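Q: Given next are the chains, with one letter for each unit.
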Amino acid sequence: MKLITAILKPFKLEDVKNALQGAGITGMTVSEASGFGRQGGHTEVYRGAEYTVDLIPKVRLEVLVDDKDADSVVDVIVKAASTGSIGDGKVWTTPVDQVIRVRTGERGVDAI
Amino acid sequence: MEEAVINTGDTAWMLISTGLVVLMIPGLALFYGGMVRVKSVLNMMMMSFGALAVVFVLWIAFGFSMVFGDSVGGKGLIGDIGQFTFLNGLDNSTALIGTIPAAVFIAFQGIFAAITVALISGSIADRAKFGAWMVFAGIWATLVYFPVAHWVFAFDDFVAKTGGWIANDLGALDFAGGTAVHINAGAAGLALALILGKRVGFGKIPMRPHSLPLVMLGAALLWFGWFGFNAGSAVASNGTAGLALLNTIGATTAAVLSWLLVEKVRDGHATSLGAASGVVAGLVAITPACAAVNASGALIIGAVAGALCALSVGLKFKLGYDDSLDVVAVHLVGGIVGTIMIGFVGVDVGLFNGGGTDQLVKQAIGAGAVLAYSFIATLIIGKIVDLTIGFRITNDQELAGIDVAIHAERAYELTDNSQGSVLGFSKGA
Chain A
89 MKLITAILKP
99 FKLEDVKNAL
109 QGAGITGMTV
119 SEASGFGRQG
129 GHTEVYRGAE
139 YTVDLIPKVR
149 LEVLVDDKDA
159 DSVVDVIVKA
169 ASTGSIGDGK
179 VWTTPVDQVI
189 RVRTGERGVD
199 AI
Chain B
61 MEEAVINTGD
71 TAWMLISTGL
81 VVLMIPGLAL
91 FYGGMVRVKS
101 VLNMMMMSFG
111 ALAVVFVLWI
121 AFGFSMVFGD
131 SVGGKGLIGD
141 IGQFTFLNGL
151 DNSTALIGTI
161 PAAVFIAFQG
171 IFAAITVALI
181 SGSIADRAKF
191 GAWMVFAGIW
201 ATLVYFPVAH
211 WVFAFDDFVA
221 KTGGWIANDL
231 GALDFAGGTA
241 VHINAGAAGL
251 ALALILGKRV
261 GFGKIPMRPH
271 SLPLVMLGAA
281 LLWFGWFGFN
291 AGSAVASNGT
301 AGLALLNTIG
311 ATTAAVLSWL
321 LVEKVRDGHA
331 TSLGAASGVV
341 AGLVAITPAC
351 AAVNASGALI
361 IGAVAGALCA
371 LSVGLKFKLG
381 YDDSLDVVAV
391 HLVGGIVGTI
401 MIGFVGVDVG
411 LFNGGGTDQL
421 VKQAIGAGAV
431 LAYSFIATLI
441 IGKIVDLTIG
451 FRITNDQELA
461 GIDVAIHAER
471 AYELTDNSQG
481 SVLGFSKGA
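As given, the protein sequences belong to chains A and B, one line each in that order. Read left to right, the first sequence gives residues 89 to 200 (my numbering). Read left to right, the second sequence gives residues 61 to 489 (my numbering).
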């Protein structure tokens with residue numbers, strides 16, 4: 089099994105979520121995140137005092153999938169998240185040892 | 061004094077005005093509270109509420125008497141503290157001052173004292189011991205506001221026979237407190253910022269306002285309350301109050317435009333904080349002048365104040381004092397602009413209106429006297445408080461946040477995820 093983690097522009101979340109549901113994904117976890125990459129931060133001004141803001145708001149989307157589905161799901165996310173401009177985010181996968189559904193106790197792929 | 065007769069129209073307006081000026085306290089608390097970081101918003105707001113509580117109690121005890129009692133020795137420096145101690149004879153339903161109940165006049169003027177003290181707190185955000193602030197508020201009101209308000213607001217033969225030197229001997233015009241309230245608070249803010257020193261990380265780490273909508277809401281409430289402050293200073297429901305009200309809108313809108321224009325040219329952006337600050341700068345500047353100028357004069361005063369105040373906010377970084385929320389740039393500079401410009405655009409008395417330089421000189425003397433007295437007296441009072449009970453919290457407390465360190469509270473609980481357990485409950489009650 090694999091954990092797919094995607095860092096997205098917040099306004100692309102809706103597109104990515106819809107695309108994943110269209111691809112048959114039935115569950116995901118989304119959290120607010122902040123950070124920076126090549127896009128860098130931005131500048132804010134308060135009464136003439138100029139500040140650079142390094143960390144900009146992103147969302148982190150996490151999906152658990154069977155190994156055989158990982159590549160296609162990653163492709164779905166990347167396609168839906170892309171605007172072509174800097175700051176679109178990143179997607180990566182991590183191997184997962186075990187998954188348990190809390191309600192039923194099912195394990196492994198059955199729990200996804 | 062003539063035989064006083066109650067006027068119900070005047071009384072109705074002054075009852076409303078008193079309610080309006082009370083609203084300025086939470087208005088200021090929101091205006092200041094939104095500007096600080098999330099870890100110190102409660103302390104910021106508490107300094108306004110605390111100032112109101114301390115100062116109004118002292119006002120009833122002896123403050124009113126020090127301001128509106130007969131001038132001691134006829135010198136115009138301070139009212140007789142013994143004359144109206146605990147409002148001696150005025151706190152009933154029949155005593156009148158002017159054409160309104162004495163009780164209403166006393167309540168109205170008492171809030172002026174409280175708001176002046178509350179204004180100072182903006183210069184020492186995030187770092188003052190609450191107890192020290194409360195002690196300072198009481199001492200400062202007694203030794204600085206009450207005398208200065210006597211100079212400016214106590215007219216001969218209004219409440220008592222003899223009043224203050226600025227109002228009667230000098231003849232400087234200050235309708236609602238450009239000198240007694242704003243120059244006074246601004247100069248005190250500068251002195252106190254110097255006594256307490258800079259916040260940890262001042263000029264190095266960003267100190268962003270945590271909630272600009274709160275700042276905008278606070279500015280709006282201040283503006284609304286200011287109609288009581290300015291138009292209520294007519295102490296009557298008449299044409300003077302009407303003119304003051306009109307000018308309180310005109311100057312303020314002009315100041316918003318000029319503040320935003322300065323920002324757009326200097327920083328590249330017109331900001332909401334700039335608009336809210338422009339509102340307050342305009343209100344401050346028109347305060348002394350609202351009954352002395354016509355509508356065009358008010359627009360000029362507002363425009364000048366908005367621009368000069370906006371240009372003054374950078375001074376603290378250049379000169380290295382941490383006037384955290386710009387009490388100097390907004391209240392001292394705005395108060396000076398309004399007070400001095402009466403000498404230029406005042407109807408009949410202003411230089412541009414054929415009045416010569418006579419009034420201008422009087423205005424400058426009045427402004428200078430209040431500035432100098434307030435600055436020096438505040439330096440001394442602040443230093444004494446600092447040396448005795450200590451004015452600042454520790455650096456660790458400041459870094460952790462004054463709300464939790466001093467008040468044992470946090471402003472916002474936006475999720476239910478904090479966890480924890482109950483330690484105990486207060487005994488008694």
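Everything labelled a hint here was simulated from the structure, so no lab data went into it. Keep in mind that the hints are not guaranteed to be accurate.
Claimed, not checked - One side of the interface only, derived from the structure: several residues of chain A facing chain B at Cβ under 10 Å: (1) Tyr139; (2) Val141; (3) Asp159.
Values in this document were obtained by computation on a predicted structure and should not be read as measured data. Where is the CB? At the ideal position from N, CA and C, for every residue including glycine.
Q: Confirm or reject each hint.
A: Status of the hints after comparison with the structure:
{"no.": "1", "hint": "Tyr139", "result": "4 Å, holds"}
{"no.": "2", "hint": "Val141", "result": "8 Å, holds"}
{"no.": "3", "hint": "Asp159", "result": "35 Å, violated"}
The structure fails hint 3 only (numbered hints given earlier).
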